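In case you want the letters, here they are:
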Amino acid sequence: MLPGLLLLASLAQGSLPVEMLARQARDDFQAARYAAARDKLREALKRSPSNPALWSYLGLAEAQLNDLDSAIADFQKTLALAPDDAQSFFNLGLLYGRKNQTAKAVDAYQRGLKLEPNNPAAIQNYALLLMTQARFREAAASLEKLRGLDTGNLPVRFTLMGCYAKAGMKSELALEVQAALELPGLTSAACLRLAKILLEDNQRESAGIVLEHAISMTPDSAEAHYDLGLLRLGKSEYEGATSELGRAAQIDPSAAPYAMRLAESLILWKHYGTALEFLTAVKDRFGSLPDYRYKLGLTYYSLHQFPRAITQLEDVATEQPQLDTVQFFLGNCYGGVGDLDKAESHYRRAIELQPRNASYYTALAQVLRKMGDENTDEAITNLEKAISLDASDIPSKQELGLCFIKKADYAKARDLLEQVVAKEPTLTSAHVALAQTYYKLRKKEDGDREAAIVARLQAEEQARQAELRKAVASP
Amino acid sequence: MRAVWVLPVLGVSSVLCFTSLSERVTFRQAMPDKTGIRWSQVNARSDHRYLPETIPPGVAIFDYNNDGWMDILFVNTGESPFFHPAAPLYPALYRNNRNGTFTDVSAEAGLKVNFFGMGVAVADYDGDGYQDVLLTGYGKCILYHNNGHGTFADVTVQSGIHPPGWSTSAVWFDYNNDGKLDLFVAQFVDYSSLKSCGSANAYGGKVEGGPETQIYYCIPRVFDPMPSHLYRNDGGGHFTDVSKETGILESLGKGFGVVATDINNDGYLDLFQANDTVPNFLFVNRGAKKFEEIGLASGVGYSEDGLARSGMGVDAADFDQDGRQDLFVANVDQETFSIYRNNGDETFRDLSRSHGIAGPTRLLSGWGLRFLDYDNDGSADLILGNGHPDDQVDQRMKAVTYLEPLLLFHNDGHGKMIHVSDTSGDVFRGKYAARGLAVGDLNNDGYPDVVVGINGGPPLVLYNNGESRNHWIGLRLVGTESNPTATGAILRWSAGGVVRSRLKTAGGSFLSSHDPREILGLGKSDRADWIEIQWPKPGGHTDRFTDLSVDKYVTVIEGKGVQ
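As you go down the protein sequences, you meet chains A and B in turn. Going by our numbering, the first sequence opens with residue 1, and the numbers climb by one from there. Going by our numbering, the second sequence opens with residue 1, and the numbers climb by one from there.
Everything labelled a hint here was simulated from the structure, so no lab data went into it. Source: prediction; values computed, not measured. Backbone N, C-alpha and C fix where the C-beta goes; we use that ideal spot for every residue, glycine too.
With a Cα cut of at most 30 Å, we get these calculated DSS-like pairs of lysine-lysine: (1) B:Lys290 with A:Lys444; (2) B:Lys289 with A:Lys444; (3) B:Lys289 with A:Lys443; (4) B:Lys416 with A:Lys440.
Which stretches of chain A does chain B cover? Using the computed rule of at least three CB atoms under 8 Å from a CB of chain B, they are: (5) 325-339; (6) 370-383; (7) 424-435; (8) 445-456; (9) 461-470.
Make a model of the complete structure from these sequences and hints.
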C-alpha cells in the first residue's frame, strides 16, 4: 500500500519524529481511533509537508471522520505530489460520489483506472456509481471487466445481469444467465437469489430459466417450486403455476404460503371445485388463518354458493375490516342472493377503504340502478367518478349510458353508447341499448342499423354454438 | 252456506265494526282424496336428461260438455324418439262433478294420443258451441274436435296444422278479424340432435371440478332457434299456414309462452312471445297483412341491461288501468321477472324493480302465470308457478333450488304489486316443480281458482277461499259475428263510481289454457252501475247493460244480449 511504502521511505530518510508519528497514526487508524490518527498525521505533515503518503493517510482518516471536504483536499494534495497514485484517484471517486458530485467522481475513477485498470474494488465502485446514475450500459462494461478478473464471483455476475436487464441488453442477459448457470459450485440457493434479482427487474423469462435450473439441481426444494409457481402465476400461466405450487405444498405441507397461493392459483385457473376440495382438505391445518377463509370465500363465490361465501367473507371482514377487496366480494355475494341493500352497503365500504378503484364505483352504481329509479342520480355520480379514475373503462360507460336512458337523457346516452360500441363492436347489449336510444331520438335509420348489427351478432353467436355443438359430443 | 249479515243503515264506525272478516284472500289446496284427481305427470326423466323431459306439463280449464262447470285437462308425455313408455300414456280429462270432485273421463273422451305432449290450447274453432282442443308436443300437434257429446275426434290430418319439430304454447285468436279463430303455435328449438350436456352447457350453469361424465339438462342457448307458425282458419275445419306471408317465419326464436293482446288499441290482436336465451318477440299486427316484430325497439325483447334472457311464461293485462295493455314475462334465476308498462307509443318500460316484482323473483324461474283478480276488488293481481329447469341445480347453487314456491301478488289498486304469498295459504309455503298454470272458477263461486301442472308429479288444485266477500259478475261471452270466444272484446264496467276496463286476451301463461269466462270484480259495491261489452271486429259494436245481477254468471250472446 502506498502510504506504507512512503512511510518506509521516510523512515529511510531518518525523520524519526515523523516516523514515530506516522507509526502511531497507523496504529490509531487500525484501531479506529481516527481522530487521534488525524492529529498525529497533521503533526507529522507539519514536519514533512511534501510526503504524499502522509497526505493520503490523512485523507483516509478524515474520510472516516466524515470530513469529506478535508479528505478530498488531502487526496488532491497527494496527487499533486504523486500524480500517478491511482489509489488516490479511486478514493476521490468514492468521496465525490458520496457528495453527489457525480461528474467529478466519474472523472476521478476514469483517471485512476487508466493508471490501474484492473483494480477490482475500484472497478466495482465505479460500476456502482454508474448504476446509481442509471448509466447501466457503462456499468455493465465495468462489471464485464470485473467478471473477467474473477469469473466465479457470483455477486459481480448477478449485478452484471441486473445492469443488462435495466439497460435492455436482452441477448447479453440471456448469455450471462446461461453462463452463470454453468458455473461449477453454483448452488440452488444462489439460483433462488438470482431469480429474485431478475424478477425485481421484471426479467420473468430469465428468472424462470434460473428457477427451473434450481429445481433440476434440487428437485425437492419447496422454495424453488414456490418461486417458480409465483412466477407463472404472475404470467397468468395458471396450469403451470398450480403444478409448481402444488409441488411446493406437497414437499412442505405445513407452509401456509404454499397452500394459500396454491388455492389462489386454482381459483384463478377457474378450477373452483378442485380449489374447494383442496381447501377442505387443509382446513384443519390452516382453517384459522384469515387468508384461508378469504380463499374459501372466494371459492364459494366463484361456485355461486353465495350464502357460504358470505359466511366466510363476513368473518374475514370482521377480523380485517380494512380489506377493500373483501368488502367488494361481499357486495357481489349479496347481490347474487338478491340482498341489494347489503350489497350497496359493502360496495360503499369498499369505496371508503379504496377510493381509487373504479370498479367499486361501477358495482355500486349497478346496484343503485337496480334498486330503483330514485337512485339513478347517485348511480350517475358514481359512474362519473369511475370514469374519471379510468377513462378507458367500458363497463362504466355502458352503465352510465343505461342510467341516462332511465333519465330519458337520450342524447347523453347515445354519446356514451357510441363510444362503447366503437371500442367493443361485438358487445351486443351495448348495441341493443344504442338501438333503443336512437329510436327514442326518432333516428329510425340509425336504430334500424343498430338492430341489424344486433341481429348479425346473434346469428354469429348461434353459428358459434352450432360449431361447438358439433365439436363437443354428448357426454 | 254462510250466514249473511243484514246491515241497517249505520254510521261509518258501526259499519267498520261489522266488517270484521279478513279482507285477505287465501287459497287452499284440494288433495286427491277430496278431488279424485289421482293423475300424475310422467316426465320421463332419464340419465340422458333429454331437454323435453323438464318442460311440461300444460293444463287446461274449460267446459268440455257445456254443463256450465269447468273441467280440467292435463297433458302427459308419451312415445317419442327418446322415450318409449312401457304402456301408452295419454292426456287426462277430468269432468267436474259440481261437488268438489272430478271424474276421469279420458277413456270415453277419446283423447287417446300417445306422444310427448307439452301444452294445450282450447277454443271453439269452428263455432259449433263446443270447446275444441289443440295439444302441442315434441314432433307434432294434435287437433281434437269436440263432437258435442263428451267425445273428441282427432282431425289433425285434415286440419292442415302440422308445425314441425317441438311445439310449446299455442293461442287461438282472430288475427284477421274475420270472425274465425286462427291459431298461433310457438316453436321451441331444433332438438333433432337429442343432445345431452355436461355442466358447461347446463341450464343451471357450469360447475368446476365436477364429475366429467355427469349429464345435465342443456341450456337452450346451445340449440338453433326455430320460427313459430301462424295458421289462418279457413273454415270447415281447415287451416292454412300463413307464417311466411305474415312475416312470422322471418323471426327465429325459442318460443315458450305466448299471449294475444292489443298493445296499440288498433283493434288488431298482437302477439307477445317469450323466448329462451334469445330476445322475446312482440309481433305487432299491421292490419292483418303483416306482423312486424318490434321486440328490440319496444323494450320488451331484452332486459334493461341489453341482454336476452330466458323468457318462459307470459301474460298481458292493463294492470295500472290506464287503458293500455301491459305485459309480463317470467325468466330464470338471477334474471328477475319483468312487468312492462305500456307507454302508449309501442314502447314499454320495465317496472319490475319499482313495482315489487324484482325482489321476490330474483332467484326463481317462472313458468305458468296469470293476471287475475283473485279478490274481486277490480284490480289485476298476479299468480306465478315456479321451478328450476335443472333438477340438479341444488348441488351447485345453494341459493337456487329445483323446487320453488308459488308466488301471489296483490295489486294495491295503483299498479304496485304487493307480495302476499306468506299470508295466502299453506300452499305458498311449499315448493314445487311447477310448469303450466291455468286459472278458472272450478266451483262457480265467482272467485278464480288455480290448477298448476307439476313436472313429474300430481298437479296442484287450489281453491280460492274468497274471504274478501267482494261482489262480482261473471260473463260468458259468445261471439256470433265476432270470433266465438269474443277474444279481443273490451269490457268496461263501473261499480261504486269506479270505472274499470279489461281486454279479453287469449293464451298467456305457459303451455296452458284458462277458463274462458270473465269475472268482473265489483269490490264492495253490491251492484254494477253499468257494464259495456265492445265486441271485437268484425262485429265491433258495443252492448251496454245496467241491470245485471251480481254474484252470478250470465251468458251474453253477441247481438242477442243476456241469455
